[in-house]
Amino acid sequence: MFSRIGLVAALVATLLSAQAGTVPQPLTEPGVLLTFDDTHVAEWVKAIPLLKKYDARATFFVTRFEQLSPAQVDGLKKLKEAGHAIGCHGFRHIKAAEHSKAHGVDDYLAKEITPALAHMEQAGFVPASFAYPMSNNDPTTDAALLKSFRHLRTGVAPKEGQRYADMNVLFTALDGVATRGCLPGKGIDRIGESGNEDVMAQLLEAMDRAEKSSEILTLYAHNIAATGKGHHLSPATLEKILAHGQRLGLRFYSFDELP
Numbered sequence: 061m062f063s064r065i066g067l068v069a070a071l072v073a074t075l076l077s078a079q080a081g082t083v084p085q086p087l088t089e090p091g092v093l094l095t096f097d098d099t100h101v102a103e104w105v106k107a108i109p110l111l112k113k114y115d116a117r118a119t120f121f122v123t124r125f126e127q128l129s130p131a132q133v134d135g136l137k138k139l140k141e142a143g144h145a146i147g148c149h150g151f152r153h154i155k156a157a158e159h160s161k162a163h164g165v166d167d168y169l170a171k172e173i174t175p176a177l178a179h180m181e182q183a184g185f186v187p188a189s190f191a192y193p194m195s196n197n198d199p200t201t202d203a204a205l206l207k208s209f210r211h212l213r214t215g216v217a218p219k220e221g222q223r224y225a226d227m228n229v230l231f232t233a234l235d236g237v238a239t240r241g242c243l244p245g246k247g248i249d250r251i252g253e254s255g256n257e258d259v260m261a262q263l264l265e266a267m268d269r270a271e272k273s274s275e276i277l278t279l280y281a282h283n284i285a286a287t288g289k290g291h292h293l294s295p296a297t298l299e300k301i302l303a304h305g306q307r308l309g310l311r312f313y314s315f316d317e318l319p
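The opening position of the sequence shown corresponds to residue 61 in the working numbering, with each subsequent residue numbered one higher.
Quick caveat, the hints were computed from the structure, so don't treat them as lab data. Worth double-checking, as some hints may not be accurate.
[To be verified] Using 25 Å as the maximum straight-line C-alpha spacing, the simulated DSS-like pairs for lysine-lysine come out as follows:
id	residue 1	residue 2
1	Lys137	Lys112
2	Lys106	Lys272
3	Lys106	Lys138
4	Lys272	Lys219
5	Lys155	Lys219
6	Lys140	Lys112
7	Lys140	Lys161
8	Lys106	Lys137
9	Lys138	Lys113
10	Lys207	Lys140
[Stated by the list, open to error] Label pairs and their calculated CB-CB ranges:
id	residue 1	residue 2	range
11	Arg223	Glu126	35 to 43 Å
12	Lys219	Lys137	34 to 42 Å
13	Arg223	Ser129	40 to 48 Å
14	Ala142	Gly164	20 to 28 Å
15	Val259	Gln182	36 to 44 Å
16	Gln182	Gly309	19 to 27 Å
17	His163	Lys112	37 to 45 Å
18	Pro319	Thr200	38 to 46 Å
Note that the structure is predicted; figures quoted are calculated from it, not measured. Cβ atoms here follow ideal geometry from the backbone N, Cα and C, with glycine treated the same way.
Working from the sequences, and respecting the hints, build out all of it.
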């Protein structure tokens, strides 16, 4: 279906060309990178007014792009027009490090990245960032993917008893963003729900640290919905996060705004 080597080279050249001369300036204000994964486009679009209310930008990492309906692709365009970033989350949601160790990183790129970018570019999207499915990465995959993307995002979990504000890996100094290719984030699905009150308190503490230390805090979720069996963040909880950030004077950046 694809001429893999030639297409990879062409895609990389296109990406670098599109990004050349348009890389944002260094950040000067502390903030939050709020990101959402998978294909919950309709629910994301519903959140546009809420994000606009707080002048917040977010990044939506999309997987299985060729399976999206025309309405979903149109929804992604609406998100982009509203100032949000559309990132890549892979072609088939493959675990990057696991696949690369078993079959080689070139095989991973050919099966997971090349076709994903081809379909996204055909629809008019040139993603500058990539989020690892299931946070499965290693130095080898990072080095390979940073040839095509300005930044990557993975995920980390706290050690037993560790509070979010003490997870130094989640925070990036303003002057270190440009040189930190892969930004680890903390998953925030289902926080704010009954039984998760302390988790919400920890998140607000982490935001307080970002403001006091002039840092960028990276977070990720999936669907934006009040209920659901899968991973989701309720609109009410999202608004609490946005309102707390506004009180602190934090900026909610998209990955496209990062140098």
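- Determine whether the Cβ-Cβ distance between Pro319 and Thr200 falls within the hinted range of 38 to 46 Å. At 25 Å between Cβs, range violated.
- Message: Next pair to validate is Lys138 with Lys113; report whether the Cα-Cα distance is within 25 Å.
- Response: The given pair, whose Cα atoms are some 16 Å apart, holds under the 25 Å limit.
- Do the alpha carbons of Lys137 and Lys112 lie within 25 Å of each other, as the hint requires? holds (16 Å)
- Message: Just to be careful, I want the Cα atoms of Lys106 and Lys272 compared with a cutoff of 25 Å; is the pair within it?
- Response: Given that 25 Å is the threshold and the Cα spacing comes to 32 Å, the pair is violated.
- Message: Please check whether Arg223 and Ser129 have a Cβ separation lying inside 40 to 48 Å.
- Response: holds (41 Å)
- Message: For a C-alpha distance cap of 25 Å, please report whether Lys207 and Lys140 respect it.
- Response: holds (23 Å)
- Holds or violated: Lys140 with Lys112, Cα cutoff 25 Å? Measuring from Cα to Cα gives roughly 13 Å; hence the hint holds.
- Task: Indicate whether the distance between the beta carbons of His163 and Lys112 respects the range 37 to 45 Å.
- Result: holds (43 Å)
- Task: For the pair we were handed, Lys106 and Lys137, check the Cα-Cα distance against 25 Å.
- Result: holds (13 Å)
- So does Arg223 sit 35 to 43 Å from Glu126, Cβ to Cβ? holds (41 Å)
- Between Val259 and Gln182, does the beta-carbon spacing fit 36 to 44 Å? holds (40 Å)
- Is the Cα-Cα distance between Lys140 and Lys161 25 Å or less? violated (35 Å)
Hint violations for this structure: numbers 2, 7, 14, 16, 18, all remaining hints satisfied.
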